[in-house]
Amino acid sequence: MGLSERTIANEVVSKCFFWRAPDTRSRIHFFPTAGTAGGHYPVACSLRLFGKGLKDRSVELEGGRVSQPDGLRIEDAFPDLPSDISGPVGLEVGLKVSQGRLNLLGSEVFIESSSAQMNMVYNGAPFRVVRRGDGDSVRVESLASKRTGVVAVQGGQTASLIIINTGLDSAKPKLTMFREEREDSVQLGTIGPLTVFEFPLHELLMQGAQKHQIQSTEVQIAPVCCSLSEDIAQLEFYVLYRDANSKTPCFVNVL
Amino acid sequence: MCWHERGFWSEIEKLQRFNSLQGMEATGITSHFWIASSECFSSALLVVAEDVGEKASRALVSCSVCDVDGVPVQEFQVEYPAREVGVIELQPFLSALKMRDGLAHGHLIVRTNEGFRHFCRYQLGEQSAMVPTPRLNRGREMSFMPLLLGSHREHLLVLVNDSEAESQVVLRIMYGTRSPEWTVQIPPNGSRMVSIEKELLPTFDDSSWKKGVVQGYLRVSPRGSGAISSAIIERVESIEGDNEMYRWIGV
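Protein sequences appear in the order of chains A and B.
In the working numbering, each residue's number is its place in the first sequence (first place is 1) plus 346.
In the working numbering, each residue's number is its place in the second sequence (first place is 1) plus 187.
Rather than coming from a laboratory, the hints here were simulated on the basis of the structure.
Incorrect hints may have been included.
Chain B is faced by these chain A residues, among others (derived, beta-carbon under 7 Å) [stated by the list, open to error]: (1) THR379; (2) GLY381; (3) HIS386; (4) TYR387; (5) VAL496; (6) PHE545; (7) HIS558; (8) ILE560; (9) SER562; (10) GLN566; (11) THR594; (12) PHE597; (13) ASN599.
The beta-carbon is built from N, C-alpha and C at its ideal position, and this holds for glycine as well.
Could you build the full structure based on these sequences and the hints that come with them?
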């Protein structure tokens, strides 16, 4: 990144995913907000969809305004979305206003997926600033080389890590789990550009995670850390919890 | 096993003599969580060091519980090995919470040194949710949450005033072409729980939301010098009315 680059807080992105299954419908809800600034300025909202077996595609949504929540069904935004795809599908949400003094970092996005068996809504990753170079190069502002969080699984649940790469390069993140006296690291493989990758955590968690009795329910709890030797900013990490029997997703949180 | 069950009480009592909660705030990080004590809702606090692998020593967590009116009813400190996740089941600390809005609930203030993350794990009926430090809205900063309005659903809005000043919160619900607005007053460090379908919408001259399922949005914006965090607990009844499911919607 050169010195000529500038940080633009009036252009932000959030990296999310939605759950795709034949009987599942998903909806995106977004709220462009500019902190304490008033005024319903027009907002350009873009959705970029990507994932395994999918052609990278984008749509621009019209009519967005600062401080006005809005939403739509993802199937309406992408009517040609193949129906035979199952699993997590990547979605990058971009917001942009032409007023350079407005800061959209406080904007929010929710993703909702529902079917007869599931009813899941989660808060997407915080919006990150887009940094723009002299040419057309665009990067997302880097935060840190690692993300640390907690996985807590109770009986009848499983957990997996969802990794989203919206960058132009492949990435090889490492997952480290900590136990009382030792730590175990595993390479999560190569995450190609514009892909969503799901890594099961359940077996790793079973091996020596802390066990706690919370309100008579046994919960296995472990700290997890995802790190990358290169720039981690093109990646986003979520923990997805599922019902162990039906494999139906229950809830999601950002790592 | 939780810390209070491991016989940490004597250690907690000793630690209470050290750093006052206010003293830690100057150098540490603070999170504010809504908490409740009931058969349906329970909560546990989870704390993890960001550089968990490099921490060899012990970590200190200071907590203060305030009731709905913002009155501190319990303060405690817990120490745990910093290479682990600090897990504090909150139920034993919530017995002094007052009943209001049909539930004993309040506000948990968590303080640690820099370099730690705080989570609250809620058990909502049979569902659970893991919530990181809630976002604070100050001044006229706004938050939003999606709502699916309908006769088989109820949305319980939980609001926490994370400041020492009384705060007014403006709630605007947007659905169809309608956008009614209400104002809720929350005392310093206090909390409120508001049923959108039972307390707010019946005071507005429209019942179209009861027919079918209507997509709406709630916009929350504080006024004055307070700082507010908010979330929604959605309760969905089965069509037969014999079962209900909860989910957490929050930032």
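Now for the hints, and whether the structure bears them out:
1. At its closest, the beta carbon of A:THR379 sits 5 Å from a beta carbon of chain B; the interface hint therefore holds under the 7 Å criterion.
2. Taking 7 Å as the C-beta cut-off, the interface hint given for A:GLY381 holds, the closest approach to chain B being about 6 Å.
3. The beta carbon of A:HIS386 comes no nearer than 12 Å to any beta carbon in chain B, farther than 7 Å, and the hint placing it at the interface is violated.
4. A least Cβ separation of about 14 Å between A:TYR387 and chain B goes past the 7 Å threshold, and the interface hint is therefore violated.
5. Below 7 Å, beta-carbon pairs count as interface contacts, and A:VAL496 has one with chain B at about 5 Å; its hint therefore holds.
6. Against a cut-off of 7 Å between C-beta atoms, the interface hint on A:PHE545 is violated, since the closest Cβ of chain B lies about 18 Å away.
7. Interface restraint check: A:HIS558 against chain B, minimum CB-CB distance 5 Å, threshold 7 Å, status holds.
8. Given the 7 Å rule on beta carbons, the hint for A:ILE560 holds: about 5 Å separates it from the nearest Cβ of chain B.
9. For A:SER562, the shortest C-beta to C-beta distance to chain B is roughly 10 Å, which exceeds 7 Å, and the interface hint is violated.
10. About 11 Å separates the beta-carbon of A:GLN566 from the nearest beta-carbon of chain B, more than 7 Å, and the hint is not met.
11. Taking 7 Å as the C-beta contact cut-off toward chain B, the hint placing A:THR594 at the interface is violated, the least distance being around 12 Å.
12. For A:PHE597, the suggested interface contact is upheld, since its CB lies about 6 Å from the closest CB of chain B, less than 7 Å.
13. Because the closest C-beta pair between A:ASN599 and chain B is about 5 Å apart, less than 7 Å, the hint holds.
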